[in-house]
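Residue numbers for the sequence shown follow the working numbering, so the first one is 255 and each next one is one higher.
Quick caveat, the hints were computed from the structure, so don't treat them as lab data.
Just so it is clear, CB atoms sit at the ideal spot from N, CA and C, and this is done for glycine as well.
One or more hints might be untrue.
Label-pair ranges, simulated between beta-carbon atoms [what the hints assert, rightly or not]:
#1 ALA412 / ASN313: 17 to 27 angstroms
#2 GLY355 / GLY377: 31 to 41 angstroms
#3 GLY259 / GLY386: 16 to 26 angstroms
#4 PHE373 / SER403: 19 to 29 angstroms
#5 SER403 / PRO299: 25 to 35 angstroms
#6 ASN343 / THR256: 33 to 43 angstroms
#7 THR256 / GLY383: 39 to 49 angstroms
#8 ASP382 / VAL287: 34 to 44 angstroms
#9 PHE330 / VAL407: 15 to 25 angstroms
#10 GLY267 / THR371: 23 to 33 angstroms
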Amino acid sequence: MTMTGVFGSPTAGAAALDQYRSARATAAPHEIVAAAQTDSMFRVPAVRLADAQLAHNPNVWMYRFDWQTPVLDGAFGACHALELAFVFNNLDTELAETFMGPAAPQPLADAMHAAWTNFITHGDPAHDGLPGWPRYTASDRSTLLFNESCSVVTNPCAEELALWDGII
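Using the sequences plus the hints, can you model the full thing?
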């Protein structure tokens with residue numbers, strides 16, 4: 255993936271790269287590329303899907319899994335599918351330990367598992383173990399950040415998300 259190829263011109267590619275760099279002042283070049291790839295494959299499609307769902311049902315919630323595995327000196331970060339052991343409360347498996355190390359935070363698994371269980375049984379993922387988690391709307395894009403300390407943010411990475419308008 256080259257920024258020029260994705261964004262259509264050297265000027266647009268350079269502007270996008272500058273935006274990703276400015277949001278990650280201490281990041282290595284491969285981390286900046288990984289952020290853009292993550293956005294193109296996961297975050298932007300998830301936001302587009304949530305926005306489309308709002309036309310049919312206002313009961314939409316958005317989350318982002320931010321806990322970073324320490325395995326391999328943190329090289330994986332908060333990678334795709336890492337949250338599944340937390341969602342299903344399966345931190346004690348050999349596979350989970352391989353990807354998360356021996357000290358994955360059980361309170362985070364408890365919070366995620368309860369959120370998914372609540373959503374499945376009651377249609378709302380909120381529970382007492384989380385900060386107030388408002389519904390997602392197109393105007394504020396409230397997003398719960400799952401980490402050792404969970405928080406809600408409004409329209410995370412809005413500038414980067416806007417780069418993808420008309421592309422994805």
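Each hint, compared with the structure:
Look at ALA412 against ASN313: about 23 angstroms separates their beta carbons, and that is inside 17 to 27 angstroms. Between GLY355 and GLY377 the CB atoms are about 34 angstroms apart, so this pair conforms to the stated range of 31 to 41 angstroms. At about 41 angstroms, the CB distance of GLY259 to GLY386 disagrees with the hint of 16 to 26 angstroms. A hinted range of 19 to 29 angstroms holds for the C-beta pair PHE373 and SER403, which are about 21 angstroms apart.
Between SER403 and PRO299 the beta carbons are some 27 angstroms apart, a value that agrees with the proposed interval 25 to 35 angstroms. Between ASN343 and THR256 the beta carbon distance is about 41 angstroms. The supplied range of 33 to 43 angstroms therefore holds. Evaluation of the 39 to 49 angstroms hint for THR256 and GLY383 yields a pass: the beta carbon distance comes to about 43 angstroms. Distance hint check for ASP382 and VAL287: the Cβ-Cβ separation is about 40 angstroms, which falls inside the suggested range of 34 to 44 angstroms.
Checking the proposed 15 to 25 angstroms range against PHE330 and VAL407 shows it holds: the Cβ atoms sit about 23 angstroms from each other. Judged by the Cβ atoms, the range 23 to 33 angstroms given for GLY267 and THR371 is violated: they are separated by roughly 43 angstroms.
The structure fails hints 3, 10 (numbered hints given earlier, in ascending order).
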